[in-house]
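Engineer: Residue numbers (the numbering used here), protein chains in the order written: chain A, -9 to 56; chain B, 828 to 1076; chain C, 15 to 241.
Please note: incorrect hints may appear among the correct ones.
What the hints assert, rightly or not - Here are the simulated distance ranges between beta carbons: (1) A:A46 to B:S981: 44 to 52 Å; (2) B:A1072 to C:A219: 50 to 58 Å; (3) A:A46 to B:R962: 55 to 63 Å.
These are calculated hints, taken from the structure and not from any lab test. Since we're looking at a predicted model, the values are computed, not measured. The C-beta atom is built at its ideal place from N, Cα and C for all residues, glycine as well.
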Amino acid sequence: MTLQEFFAMGNHGFYVWWSYGLTLLVIVLLFIGFAWYKKQLLNKIKSFKREIGQKARSVKTEKISD
Amino acid sequence: MANSSMSSWRWFHQLGSPKWFYQKSAKWLPWLWAITTMLLAFGLYYSLYASPVDYQQGNSVRIMYIHVPAAALSMVGYLSMAVCAVIGLVWKMKMSFMAMRAIAPIGALFTLITLFTGSLWGLPTWGTWWEWDARMTSELVLLFLYLGFIALHSSFSDRNKADRSAAILAIVGAINVPIIYGSVKWWNTLHQAYSVTKKGAIAPEMQTPLFIMIGAFYLLFAIMVIVRLRLEIINREAKSKWLQAEITL
Amino acid sequence: MFITLLKRELMLARRNWVAVLIPLFFFIMVVSLFPFAVSPEAEFLRQIAPGVIWVSALLATLLSLDFFYRGDYQDGSLEQLLIMSSPTQVALSKVVAHWLVTGLPLVLVSPLLAGLMHLNYSPDGILLERGHTPIMMFSLLLGTPSLCLLGAIGMSLSLGASRNGMLVAVMILPLYVPILIFGSAVITASLGNSGYNAQLAILAAILLFALTLTPFAIGRALKVAVS
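Whole structure, please, built from the sequences with the hints as guidance.
Structural biologist: Here it is in structure tokens:
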């Protein structure tokens, strides 16, 4: 069996390769989506932490000014 | 006596703790990936190369090796969503609701894979990419059920309400799935004017790649759910100290 | 208690009798659109009649749900009702009232639609002595309560949600598939002069199944909505 025969799949290559390829594609897209969502969540936590930090600092400065 | 029963239920309580799960699952994931990659490599070798060609369907029978596992998982996914819903409603376990939320998009994805691989199989076999075949139609309705669940869950501003409402829908849907399948099957036999090639019994040489691929897909599904569940934990526990310590920004 | 709740629902409906008639108008109008869209040819209309009548009945039921749940939820009386009696009773009273006010009139008005769709003529255009109208009405009589019960689940789940209307349809339409299949199959079988008892029996079974299980789901959903 040559490589060409393997890819041709006896005239059914189109269907077989498309179904395997599309399956791979959607699975990869799902994980890209997860990565993107994770980035968003981490950004949210980062800004949330910064907010808390600022609050703590402003409380400290208030105490000093008193 | 009381002691032993307590220890046998410990895993259940541990699973209910987001912190425990988040820390443990980080250790599980590399192993799961390793086993899945190995199984997939074997499975793809068998299903694309080392398995016989069907005398009727030709090489397009190879599509079955991803279509059947995906179809199995699309249904298992909905069922596990409903199980999570029951556990969440009865024991008020928040991890269970998180898992339910994590499964939904992944189950929908497997349903989608089932539908388009089915279409690509139907094109050379039936001569058309869509046939109102009982199984294909049921899968389509299943996809609608998943979409309804996701639509409902994302329409609430109150997360607690979203969880409990969507859980009720998941349970109602799971009870309905066999009824829908049965009625679609009956309806299909009524309208069978065209000739459909039945997806018949499987030859033993084809069982090997099929079983390996089913195993691989189950593991892949587990990995996806765990990854998504970890994100859900980050989302919901964003303000807790342990999580902020866990994540190095 | 159940009778009191039911009386309350029916009284509210009587006060708003126009709102209650709208689904009925909708039902008739949707069916009468089809001759314009496809063809007024009698033979053709007869073929599509079972599906058209059933899909229209299904949409009319779905769109009329809002009246029985939304108002009570928004003015807070739903919360009062749920304190006064069990959620299952509140759910059942609402479903029964909904069916009495929209489902039953739908069944009663359906002979008119059977006329519009030429359901009572034989394929060669002769008026039948025993038409298909009674069996169509019977299928609607057995099917519409199930439509009300399942629709009520979706409606009460969507009460607390930020978007609605379409949301109820997206959740509930897949669950309507079995009722639609067997409901229209009854009429199709009758048109083809074949037996329809099995289909009717399954419709009745679906109704009994829905009647025993859905009130709990609706009650639970109502409780979540007001929590």
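Engineer: Would you mind marking each hint as holding or not holding in the structure?
Structural biologist: Going through the hints against the structure:
{"no.": "1", "hint": "A:A46 to B:S981: 44 to 52 Å", "verdict": "violated, 34 Å"}
{"no.": "2", "hint": "B:A1072 to C:A219: 50 to 58 Å", "verdict": "holds, 57 Å"}
{"no.": "3", "hint": "A:A46 to B:R962: 55 to 63 Å", "verdict": "holds, 60 Å"}
Hint 1 from the earlier list is the only one contradicted by this structure; the remaining hints agree with it.
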